[in-house]
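Number of protein chains: 2
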Amino acid sequence: MKLKFDPIGIIHSPFKRKEDINTLGFSSATGFDEVEGEIEIFKKYEKGLKDIEGFSHLIIIFLFHKMGDYYLHVKPYLDKELRGVFSTRHPKRPNKIGFTIVKLLERNKNILKVKGIDMLNGSPVLDIKPYTHRDKKENIKIGWLEGLLNKY
Amino acid sequence: MKLKFDPIGIIHSPFKRKEDINTLGFSSATGFDEVEGEIEIFKKYEKGLKDIEGFSHLIIIFLFHKMGDYYLHVKPYLDKELRGVFSTRHPKRPNKIGFTIVKLLERNKNILKVKGIDMLNGSPVLDIKPYTHRDKKENIKIGWLEGLLNKY
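Chains as they are written, first to last, in our numbering: chain A, 580 to 731; chain B, 580 to 731.
Take the hints with a grain of salt, since some may be wrong.
To be verified - Here are the simulated lysine-lysine pairs, BS3-like style, with alpha carbons at most 25 angstroms apart:
hint: 1; chain 1: B; residue 1: K622; chain 2: A; residue 2: K675
hint: 2; chain 1: A; residue 1: K583; chain 2: B; residue 2: K629
hint: 3; chain 1: B; residue 1: K626; chain 2: A; residue 2: K675
hint: 4; chain 1: A; residue 1: K716; chain 2: B; residue 2: K720
hint: 5; chain 1: B; residue 1: K675; chain 2: A; residue 2: K626
hint: 6; chain 1: A; residue 1: K720; chain 2: B; residue 2: K694
hint: 7; chain 1: B; residue 1: K581; chain 2: A; residue 2: K645
hint: 8; chain 1: A; residue 1: K720; chain 2: B; residue 2: K716
hint: 9; chain 1: B; residue 1: K688; chain 2: A; residue 2: K715
hint: 10; chain 1: A; residue 1: K583; chain 2: B; residue 2: K682
hint: 11; chain 1: B; residue 1: K688; chain 2: A; residue 2: K671
hint: 12; chain 1: A; residue 1: K629; chain 2: B; residue 2: K671
hint: 13; chain 1: B; residue 1: K682; chain 2: A; residue 2: K675
hint: 14; chain 1: B; residue 1: K694; chain 2: A; residue 2: K581
hint: 15; chain 1: A; residue 1: K715; chain 2: B; residue 2: K581
hint: 16; chain 1: B; residue 1: K581; chain 2: B; residue 2: K715
What the hints assert, rightly or not - So these bits of chain A aren't anywhere near chain B, every CB distance computed over 12 angstroms:
hint: 17; residue: P593
hint: 18; residue: E615
hint: 19; residue: G616
hint: 20; residue: H636
hint: 21; residue: G647
hint: 22; residue: L657
hint: 23; residue: S666
hint: 24; residue: R668
hint: 25; residue: R672
hint: 26; residue: N687
Quick caveat, the hints were computed from the structure, so don't treat them as lab data. No residue lacks a Cβ here, since even glycine has one placed at the ideal position from N, Cα and C.
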């Protein structure tokens with residue numbers, strides 16, 4: 580079963596190369612929070628942005644477009660063990676789908692100025708959704724990542 | 580630009596028809612929290628689940644496979660206004676991508692038993708990611724949804 584998708588927009592980010600992102604790293608919980616960028620929604624979809632200004636945070640679903648093959652076991656940044664790729668946010672994953680929650684600073688027509696960018700410049704955007712209270716979970720456990728965070 | 584995706588699994592849910600889900604509704608923040616179901620990851624990808632047991636919550640990216648055309652303006656459940664589709668979680672959206680955070684109860688090989696199911700039975704799964712502290716945002720504003728929540 581093959582599913583086909585069409586990007587609705589594109590990410591404008593200060594990260595031009597994969598190496599620029601690795602240095603900030605996944606385990607750095609707040610490393611990307613101050614990084615600003617723009618999400619350009621193609622004109623064809625601009626009407627779909629109505630009312631979005633009222634939300635402070637947006638869920639961005641995008642493509643890790645510079646990734647080649649995926650691996651089922653990957654070594655996360657700073658970690659020493661191989662982990663199942665679905666237990667990580669590693670980009671070398673089946674379907675190469677990325678997920679980031681950004682802070683919406685400003686909307687100017689089809690351009691969303693946002694903070695919290697950790698995507699590569701030129702990443703295709705697949706969907707945007709409003710972040711709501713339902714997405715805030717309590718009493719969370721974070722498995723292997725717990726030990727890593729304690730370490731650094 | 581057409582992107583192609585291959586599902587990594589399938590949702591087993593008590594919701595057999597679209598109508599079963601509408602009655603719980605989007606604005607009901609906790610309506611789905613107790614709904615149990617299973618996420619079956621295809622055997623080919625089972626290795627990618629290593630270490631996932633350590634996480635309490637998982638991000639599920641899936642397909643609204645029973646949806647036809649999308650609309651750029653949609654009327655959310657219980658709302659009286661038309662909203663931009665990207666300001667809503669409405670399923671009739673470009674690329675038909677769904678996003679739900681579930682609670683992981685148990686893993687049995689390639690089957691994840693979870694709580695918080697709001698997907699239709701048979702929905703194709705595109706990706707699974709661990710939910711971490713970075714996904715909990717503070718001081719959030721929820722625009723048009725605020726008024727609706729106050730009302731009901």
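Here's how the hints hold up against the structure:
no.	hint	verdict
1	K622(B) / K675(A)	holds, 19 angstroms
2	K583(A) / K629(B)	violated, 28 angstroms
3	K626(B) / K675(A)	holds, 17 angstroms
4	K716(A) / K720(B)	holds, 16 angstroms
5	K675(B) / K626(A)	holds, 17 angstroms
6	K720(A) / K694(B)	holds, 15 angstroms
7	K581(B) / K645(A)	holds, 15 angstroms
8	K720(A) / K716(B)	holds, 16 angstroms
9	K688(B) / K715(A)	violated, 28 angstroms
10	K583(A) / K682(B)	violated, 29 angstroms
11	K688(B) / K671(A)	holds, 22 angstroms
12	K629(A) / K671(B)	holds, 15 angstroms
13	K682(B) / K675(A)	holds, 23 angstroms
14	K694(B) / K581(A)	violated, 28 angstroms
15	K715(A) / K581(B)	violated, 33 angstroms
16	K581(B) / K715(B)	violated, 32 angstroms
17	P593	holds, 19 angstroms
18	E615	holds, 17 angstroms
19	G616	holds, 17 angstroms
20	H636	violated, 5 angstroms
21	G647	holds, 15 angstroms
22	L657	holds, 14 angstroms
23	S666	violated, 4 angstroms
24	R668	violated, 6 angstroms
25	R672	violated, 7 angstroms
26	N687	holds, 15 angstroms
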